[in-house]
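*Asks:* From first to last, the protein sequence lines are chains B, S, L and H. The numbering used here applies: residue 1 is where the first sequence begins, and numbers increase by one. The numbering used here applies: residue 1 is where the second sequence begins, and numbers increase by one. The numbering used here applies: residue 1 is where the third sequence begins, and numbers increase by one. The numbering used here applies: residue 1 is where the fourth sequence begins, and numbers increase by one.
Fair warning: there could be bad hints in the mix.
Identical copies carry no separate label here, and so any pair may be met within one copy or between two of them.
In silico EDC-like links for lysine to aspartate or glutamate, alpha-carbon gap of 20 Å or less [what the hints assert, rightly or not]:
| id | residue 1 | residue 2 |
| --- | --- | --- |
| 1 | Lys101 | Asp48 |
| 2 | Lys63 | Glu97 |
| 3 | Lys101 | Glu40 |
| 4 | Lys63 | Asp93 |
| 5 | Lys101 | Asp75 |
| 6 | Lys63 | Glu11 |
In short, the hints are calculated from the structure, not lab data.
Number of protein chains: 4
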Amino acid sequence: MTQRIDTGTIEIRVRYAETDAMGALHHSRFWVYFEMGRTELLRARGFDYAQCEREGVFFVVAKCAARYLAPARYDDVLELTTTITRMGMARIDHAYELRRKDPSAQGGDREGRMIAIPEAIRGEE
Amino acid sequence: MTQRIDTGTIEIRVRYAETDAMGALHHSRFWVYFEMGRTELLRARGFDYAQCEREGVFFVVAKCAARYLAPARYDDVLELTTTITRMGMARIDHAYELRRKDPSAQGGDREGRMIAIPEAIRGEE
Amino acid sequence: MTQRIDTGTIEIRVRYAETDAMGALHHSRFWVYFEMGRTELLRARGFDYAQCEREGVFFVVAKCAARYLAPARYDDVLELTTTITRMGMARIDHAYELRRKDPSAQGGDREGRMIAIPEAIRGEE
Amino acid sequence: MTQRIDTGTIEIRVRYAETDAMGALHHSRFWVYFEMGRTELLRARGFDYAQCEREGVFFVVAKCAARYLAPARYDDVLELTTTITRMGMARIDHAYELRRKDPSAQGGDREGRMIAIPEAIRGEE
Numbered sequence: 001m002t003q004r005i006d007t008g009t010i011e012i013r014v015r016y017a018e019t020d021a022m023g024a025l026h027h028s029r030f031w032v033y034f035e036m037g038r039t040e041l042l043r044a045r046g047f048d049y050a051q052c053e054r055e056g057v058f059f060v061v062a063k064c065a066a067r068y069l070a071p072a073r074y075d076d077v078l079e080l081t082t083t084i085t086r087m088g089m090a091r092i093d094h095a096y097e098l099r100r101k102d103p104s105a106q107g108g109d110r111e112g113r114m115i116a117i118p119e120a121i122r123g124e125e
Numbered sequence: 001m002t003q004r005i006d007t008g009t010i011e012i013r014v015r016y017a018e019t020d021a022m023g024a025l026h027h028s029r030f031w032v033y034f035e036m037g038r039t040e041l042l043r044a045r046g047f048d049y050a051q052c053e054r055e056g057v058f059f060v061v062a063k064c065a066a067r068y069l070a071p072a073r074y075d076d077v078l079e080l081t082t083t084i085t086r087m088g089m090a091r092i093d094h095a096y097e098l099r100r101k102d103p104s105a106q107g108g109d110r111e112g113r114m115i116a117i118p119e120a121i122r123g124e125e
Numbered sequence: 001m002t003q004r005i006d007t008g009t010i011e012i013r014v015r016y017a018e019t020d021a022m023g024a025l026h027h028s029r030f031w032v033y034f035e036m037g038r039t040e041l042l043r044a045r046g047f048d049y050a051q052c053e054r055e056g057v058f059f060v061v062a063k064c065a066a067r068y069l070a071p072a073r074y075d076d077v078l079e080l081t082t083t084i085t086r087m088g089m090a091r092i093d094h095a096y097e098l099r100r101k102d103p104s105a106q107g108g109d110r111e112g113r114m115i116a117i118p119e120a121i122r123g124e125e
Numbered sequence: 001m002t003q004r005i006d007t008g009t010i011e012i013r014v015r016y017a018e019t020d021a022m023g024a025l026h027h028s029r030f031w032v033y034f035e036m037g038r039t040e041l042l043r044a045r046g047f048d049y050a051q052c053e054r055e056g057v058f059f060v061v062a063k064c065a066a067r068y069l070a071p072a073r074y075d076d077v078l079e080l081t082t083t084i085t086r087m088g089m090a091r092i093d094h095a096y097e098l099r100r101k102d103p104s105a106q107g108g109d110r111e112g113r114m115i116a117i118p119e120a121i122r123g124e125e
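Here chain B stands alone, though its shape is the one from the complex (with noise of 0.2 Å):
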């Protein structure tokens, strides 16, 4: 089972010039999504990732993996939960799950539809 140390959530919208030929959000971005994850998880426990690296404290990512579900398109409103599963001494593992939100989800049944899983937790499906 995967570990939940920390996890927040986040809303984004996908931007025009983040779709591409085929209509949907490229690929790629999902890392950019996912490094704003990490951000605004740090900053919800006090922390600023812009001070570390003033500080000289960098955050250098290693290794990612991810499994693309559906596909977003332009200006859907995006939900990001970042969880982070590890924390060692100089590495921090974190995990991501992209929905589309549902405006029209309401109570016990607010989650849309899935976006995109980390690659790592595909066993446990």
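Dock chains S, L and H against the given chain B, drawing on the hints supplied.
*Replies:* Here is chains S, L and H on its own, set in the frame of chain B:
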């Protein structure tokens, strides 16, 4: 008349990730291409911009203007002509012409369809 | 004088992936932001550009010009004011002002440092 | 062992707009490069992906995984080797190796520093 202190042409193939949902090269990417044109014009004259930065000399884009005449598509090969039109002590002005390279063009009629030109020379058409 | 047919302001936080090796927001991203400003101005007036496209109506950027006054940095919160300055049958002109939002600004002095303005209004300063 | 159905190598020069405030190629751009590798591998075998799309055949990226070993910098010339490791009816698997091209390398020792490899072959190191 626009002065031509120095000029150079490079070829750029439009990447899939640079297109948008309209199927065309997104207009923000023109500025990425124009920057490549400046870099290669410098390199052709024996300057290495990466080295300039390591020595603490940075070029900052202070203003820009362009006119878009036709869309470029995924996988199009474009010809970008970069021209230095003015050189001052602390400022260099460039003009750019971006054309679709016509694979069937020959001899004196080798120019493809114009994609973008600088707004500044609009009045000269 | 620039006409102000309609105007709206949005906030945009600079993403890490939008910076460049100089540590600043890359100038090509301004056009991504300006496009967001147009989209949100439309939305605020009840128009949905994504829907427009599904109905076969596309807006094409035909020309653009900007003047960059100060760099924006990673994680800066910027305020983008988008103004429709002219509306014709087949053409809409926009002007943009991009400022760094000053978190300490108060009362009548709430405006932060200007980042970019349209080149066209340069002469009016 | 990874199967090598087909393989090809292209050179890519890191653009300024692709770097980030850390001075390195942003990790989201790797996926833009990998897509270029796929396109050129297809072209080398006589297929034109742009034409495929015009005929209604689209390739969708369903999952991806990579491991980043060293940063690439602005103006570095990289060598990307793209390999088809599996071909099925509705799915093609690719592996990528991205190296910095060493301008001083000669003879049998011509390979530069490795930048990225697929996560999937991690276990084989």
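*Asks:* Would you list, in rising numerical order, the hints stated earlier that this structure does not obey?
*Replies:* 6
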